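Knowing the structure of chain A, use the given hints to seat chain B on it.
Chains as they are written, first to last, in this note's numbering: chain A, 1 to 135; chain B, 1 to 135.
Source of the hints: derived by calculation from the structure; they are not laboratory data. None of these values were measured; they are calculated from a predicted model. Hints are not guaranteed to be accurate.
The list makes no distinction among identical chains, and a pair is therefore deemed to hold if it is satisfied within one copy or across any two copies.
To be verified - Here are the computed lysine to aspartate or glutamate pairs in the DMTMM-like style, where the Cα-Cα straight-line distance is at most 20 Å: (1) Lys64 <-> Asp20; (2) Lys64 <-> Asp19; (3) Lys64 <-> Asp87; (4) Lys80 <-> Glu35; (5) Lys80 <-> Glu120; (6) Lys98 <-> Glu49; (7) Lys80 <-> Glu10.
2 protein chains.
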Amino acid sequence: MATEQDRAAEAVFDALTFDDAGLIPAIAQQHDTGEVLMMAWMSRNSILETLRGGQVVYWSRSRKALWRKGETSGQTQTLKDFRVDCDGDTLLLLVDQKGVACHTGRRTCFYRAVRGRGLETISEIEVDPAKLYHT
Amino acid sequence: MATEQDRAAEAVFDALTFDDAGLIPAIAQQHDTGEVLMMAWMSRNSILETLRGGQVVYWSRSRKALWRKGETSGQTQTLKDFRVDCDGDTLLLLVDQKGVACHTGRRTCFYRAVRGRGLETISEIEVDPAKLYHT
Numbered sequence: 001m002a003t004e005q006d007r008a009a010e011a012v013f014d015a016l017t018f019d020d021a022g023l024i025p026a027i028a029q030q031h032d033t034g035e036v037l038m039m040a041w042m043s044r045n046s047i048l049e050t051l052r053g054g055q056v057v058y059w060s061r062s063r064k065a066l067w068r069k070g071e072t073s074g075q076t077q078t079l080k081d082f083r084v085d086c087d088g089d090t091l092l093l094l095v096d097q098k099g100v101a102c103h104t105g106r107r108t109c110f111y112r113a114v115r116g117r118g119l120e121t122i123s124e125i126e127v128d129p130a131k132l133y134h135t
Numbered sequence: 001m002a003t004e005q006d007r008a009a010e011a012v013f014d015a016l017t018f019d020d021a022g023l024i025p026a027i028a029q030q031h032d033t034g035e036v037l038m039m040a041w042m043s044r045n046s047i048l049e050t051l052r053g054g055q056v057v058y059w060s061r062s063r064k065a066l067w068r069k070g071e072t073s074g075q076t077q078t079l080k081d082f083r084v085d086c087d088g089d090t091l092l093l094l095v096d097q098k099g100v101a102c103h104t105g106r107r108t109c110f111y112r113a114v115r116g117r118g119l120e121t122i123s124e125i126e127v128d129p130a131k132l133y134h135t
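In isolation and in its complexed conformation, chain A is listed as follows (with noise of 0.2 Å):
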C-alpha cells in the first residue's frame, strides 16, 4: 500500500513539468529567516526521496547521480514545507540548514552583489570549507 508521502509525491509529479533531462530547478529557503541559501535542481527520485525521509535530496548535474545534500558535509537541509509555483516548473523548499548550504564555507550561495561598477562579497566564510570536505 503506497504511504502518504507516496501519494503526495504522485499529486506533485501530476503538478510538474520536468525539462527536457527529468529535471526541475528548486529553491531552498531557510524556513524562519527567510534567507534563500541556494538554488540546485531536483529528479522525480529525488524529491520521492525528499518527502519520503526529511531530508533534501538534490540530483548533481555534473555527477549525475542523486545528492543528498549534507551526506559528505555534514551540512544537512531538514525539509519544513514543499511547495510548488503555478507552472509547476519551479520549486521552493523551505527548509532547517543545518550550519553552511554553500561549498564555499558561506551560509548562502548568492553572497555576490552588485556594488557601484563591479561584485562584491558580501557574506563571510563561516566554516573552513577543508573543514566540511575533508580535504
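Leaving out everything else, chain B in the frame of chain A:
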C-alpha cells in the same frame, strides 16, 4: 563612455555561466519581507536593461522576447539588489514588488504546498487576473 551600470553588467557577465539557450535562472525575493515571489529567466540583454533602468526585465521563453515585468499588468518589480551565486549559474534579485507577482493574482507564484496526501492552495487571490490583463 560606459556608464557605471554598464561596467557592473560586464562584471556580472564575467561571473556568469549562461545555459545553451543563453539564459540564466533568476529568483525574485521581496527585499523587506523575504518572501520568494517567483523564478524566471534572464538573458544578457535583460540583465543589462535591468541594471540600467532599475526595473526588472526577464526573458520570456514562451514569447521569445524581453519581458518587462509589469508592462501589461502594472505589477512591476523595482530592483533593490542584484546577487550572483557561487557557481555563477543562478541570480537572486531582491525587489520591491508592486501588487502581485503571479499571473493568477496571488502575491507569490509558490502558492501550492504539500499537505498530507496532496497539494493544497495556501495563498489567496488578491487581484482578479481579468483586471491585470484586461481579458
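Checked hints:
no.	hint	result
1	Lys64 <-> Asp20	both (15 Å within a copy, 18 Å between copies)
2	Lys64 <-> Asp19	both (15 Å within a copy, 17 Å between copies)
3	Lys64 <-> Asp87	between (26 Å within a copy, 17 Å between copies)
4	Lys80 <-> Glu35	both (14 Å within a copy, 15 Å between copies)
5	Lys80 <-> Glu120	between (32 Å within a copy, 15 Å between copies)
6	Lys98 <-> Glu49	within (19 Å within a copy, 37 Å between copies)
7	Lys80 <-> Glu10	within (19 Å within a copy, 38 Å between copies)
Going down the numbered hints, you'll see the structure goes against none, and every one checks out.
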